[in-house]
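Enquirer: Listed here are the chains, written in short residue letters.
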Amino acid sequence: MKRLTRRQTLWLGGSVVVVAGGGVGARLLLRKRFAPTPYDDLIALVEDRDGAAQIGETVLAEVEDFEPKTMAADLRTRIAGRPLATVIAEDASDRRIAEGGGWVLPETLALICALAAKASA
Amino acid sequence: MQADLAIIGGGPVGIAIALALAKTPLKIVLLESGGMSFDAKTQALYDGSKVGTPYVTLEASRLRYLGGSSNHWGGWCRPMDAIDFEERTWMPYSGWPITKKDVDRYFVKAHELCEAGTLYYDGAGKVTGDLGPRLALGPGGLTTRWFQFSRMHGSVLPTHFGERYAGDLKKQAKLTVYLQANVTRLGLGRAGSAISELDVATLDGKKFTVKPKAAVLATGAIESARLLLASNDVNTAGIGNNHDLVGRFFADHPCPRDNATLVLFDGKIAPYYLGNQVAHGAILRAGLFPSEDFRRSQAVMASSITVEGKIDLDDVGKAAVAVTAAALGVDASNAVAHSLGCGMEVTPDPDRRLTLDASRDALGMPKLKLHMRLADQDFAKYRLTLKELGRQLLESRAGMLKLNSRTRDEWFGSLDWGNHHMGTTRMSADPRKGVVNADLKVHDVANLYVAGSSVFPTYGAANPTINLLALALRLADHLKGAVK
Ligand SMILES: Cc1cc2nc3c(=O)[nH]c(=O)nc-3n(C[C@H](O)[C@H](O)[C@H](O)COP(=O)(O)OP(=O)(O)OC[C@H]3O[C@@H](n4cnc5c(N)ncnc54)[C@H](O)[C@@H]3O)c2cc1C
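Chains as they are written, first to last, in this note's numbering: chain A, 1 to 121; chain B, 122 to 605.
Hints may contain errors.
Straight-line distance between alpha carbons at most 35 angstroms, and here's what the computed DSBU-like set of lysine-lysine pairs gives [to be verified]:
#  : chain 1 : residue 1 : chain 2 : residue 2
1  : B       : 389       : B       : 292
2  : B       : 334       : B       : 230
3  : B       : 328       : A       : 69
4  : B       : 144       : B       : 334
5  : B       : 508       : A       : 118
6  : B       : 431       : A       : 118
7  : B       : 334       : B       : 291
8  : A       : 118       : B       : 328
9  : B       : 508       : B       : 439
10 : B       : 439       : B       : 327
11 : B       : 605       : B       : 292
12 : A       : 69        : B       : 327
13 : B       : 508       : B       : 328
Hints were generated in silico from the structure; no laboratory data involved.
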C-alpha cells in the first residue's frame, strides 16, 4: 500500500478545509442577487427563495388578477408581525387553503411564494 | 320440475340464500349457469357491448360458474354507513326504503360466509395499536377507518364461494343444485302478476322448465337486469319494468389510481396503511374516509382512500415540501411520498343504463348494451375530499398532499374500476322509483325477488359483497315466512 507523505496529508486535509471554506465563501459571494422589491420583507419569511418562486409560478397560474403590492399589503395585515409558522397553522385550521401545481398549501405561504415568483420574473 | 323456491344464480348471494334456507321445510332448487370451473363457452354468454365512457368489457368483469365473480374478487370488505341509506338533498335519487339498522344484525353471518374473522372495522384501532400509530391528521373531514379481508380457509385467496361451499350445498337434503343450467326466461303467468315457470337451457341443447312457488333472481347486477328485460313475452317492457327502471342507474366504483400524492414529513407510516396486516385473527387495512359530518356539510359522496407505494417527487414537488415544511417549522429531511388510490361513489344516473341489443347469445337470449357515463361533478366532489385531507395534514404538521388530477382527461388517464356492478333493479317503496320493494320483491309481481347489489339505490364507497350478503340473509329470513 502506498503511504501518504506528510505533504500529501496536509494537502488533502487542506483541500477539505478549502472546499468547506469555499462552500461558505461561495454562498456569500455567489448568492443570487435579486432586484429589490417592495415586498422583500415578506419573501424573506421563506427559507428557500428559489424554491418558493418555483411553487409561486404554479400558484400564479391559479390566481386571477394577482396584484403584488395590494397582495403584500393584505399579507402584512394578516401576518401582523407574527411568526410565519403560526400564521400558516392558522390558515390550515381556518380552511384558508390554496393550490399550486396541485399542491395543497396554506394560503399565506402560497401567496408569499407567488410574490417570490413575481420578484424573480 | 316443481319447487317451493328457485334460486337463479350460484354466486355469493345465491349460495348464501340457499344455505340459509336449507334447514327449512322448503324444497329449493339452485340453478347455476356454469359448472365448477371456468368454461369459455359459458363465459361467452356474458358477452355484451358498451358505448360512452370507457369501461371494462361486460364479459371480463364477472365470472360465470359456481361462486360467480367471487372466483376472482379481491376479498375487500366494509359495511356501508348509516348515511349511505339516507335520502340526501345533495344526492339525487338517494334514499333507501330501509335503514342500516334493518341490516345490521346480518353482518356477523355475512362476515362468517366471507371468512373475514371478527367484525372489527371502526374498532380495529384497538387491535392494531402495536403496529404503529394512526396518521396524525388535524381535526376535520377525514379519519382513519378499516377494511377487513376475506380469506378462504387453508388458502391465501379470498373465499371462492363455489369451491368453498359446494360440499355444504351437496349435503342439504331439500336443496338441489343444477349446474350448467341457464335460466333463459322468467315466465309470468297470464295475468302478469306472478312467476309461474322458469325456462332453463344447457349449452348442449337440453331444456327444462321449473315451476316454483317463488323465485329469487341472484345473477349479479348486469345479468339480473338482462333476464328481467328479456322476459318480455307477457309484458312487452319486461318484468318489473312498468316504469322503465330496469337496467337504469347502473353504477360501479371508479378507482382513479395515483390520484394524489401524500407526503409525510417524517417519512413514517404504520404498515397497516400500506398493506394487509393480520391482527387477532382478522386481516385488516386502514384507509382514509370522509366523515358523515363532512359529507353532509360539503355535499360530497362517499369515498375510500388507500395509501399505496412510495414515489419520487419532481423538482417542484421537492421545493413544495422543503418550503412548506420549513415554514411550518418541521424537519422534512426524511420526507417520503406515497401515491394514493381510492374507490369513489358516483351520483345515481338513470341514463347510465343497460338495454337489450339486437344480437343474441348461443342460447338465443338478447345481449346487453351498456350506456356508460360518468359526471365530471363526481370527480370534482372527490377532489374536494382530497383537498380536505391535504388541509388536515398541514394542520397537524404531519405532511402535505398534491392533487394529481383535475381535468377529465387526467382522471381518465389513470382510471380503473372496482367491478362492483350496482343499481339496475333499485329498491324503493314507491313502484315509480324502484324495481323492488323493501323486501326485495319485484313491485307488482307476487313471487319474484331480486337479491344482490342491483338493488342498491345509492352505492356508498364500501365494497359491495359483505353488504349484499347481509341484504341476502335478510331476504332469506323474509322468505321463511313468505314462502309456504
Ligand atoms: C375483479 C373483481 C374484483 C372484485 N373485488 C371485490 C372486493 O374486493 N370486494 C367486494 O366486496 N367485491 C368485489 N367484487 C365484486 C363481487 O365479486 C360481487 O359483489 C359478488 O360476486 C356478487 O355476488 P352475486 O352473487 O350477487 O353475483 P355474481 O358473483 O355475479 O354471481 C352470479 C351467478 O349467477 C350465475 N348466472 C348468471 N346468469 C345466469 C343465468 N341466466 N342462469 C343461471 N345462472 C346464472 C353466474 O354464473 C354466477 O355464478 C369484485 C368483482 C370483480 C369482478
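Enquirer: Give a verdict on every hint.
Expert: Structure-based check of all given hints:
With a C-alpha separation of about 51 angstroms, the suggested pair residue 389/B and residue 292/B falls outside the 35 angstroms cut-off, and the hint is violated. About 27 angstroms separates the Cα atoms of residue 334/B and residue 230/B, which keeps this hinted pair within 35 angstroms; it holds. Under the criterion of a C-alpha separation no larger than 35 angstroms, the hint pairing residue 328/B with residue 69/A is inconsistent with the structure, at around 83 angstroms. A distance of roughly 18 angstroms separates the Cα atoms of residue 144/B and residue 334/B; the hinted pair therefore holds under the 35 angstroms criterion.
Our distance criterion of 35 angstroms between C-alpha atoms is met by residue 508/B and residue 118/A, whose separation comes to about 26 angstroms. For the given pair, residue 431/B sits about 33 angstroms from residue 118/A by alpha-carbon distance, which is consistent with the 35 angstroms threshold. Straight-line distance between C-alpha atoms of residue 334/B and residue 291/B comes to about 22 angstroms, which keeps the hinted pair within the 35 angstroms bound. This hinted pair does not check out: residue 118/A and residue 328/B have alpha carbons roughly 78 angstroms apart, beyond 35 angstroms.
For a cut-off of 35 angstroms, the pair hint linking residue 508/B to residue 439/B stands: about 19 angstroms separates their Cα positions. Between residue 439/B and residue 327/B, the direct Cα distance comes to roughly 67 angstroms. Violation of the 35 angstroms bound is thereby established for this hinted pair. Restraint check for residue 605/B and residue 292/B: satisfied, since their Cα atoms lie roughly 22 angstroms apart, inside the 35 angstroms limit. A threshold of 35 angstroms between alpha carbons decides the hint, and for residue 69/A with residue 327/B the separation of about 84 angstroms lies outside it, so the pair is violated.
A threshold of 35 angstroms between alpha carbons decides the hint, and for residue 508/B with residue 328/B the separation of about 57 angstroms lies outside it, so the pair is violated.
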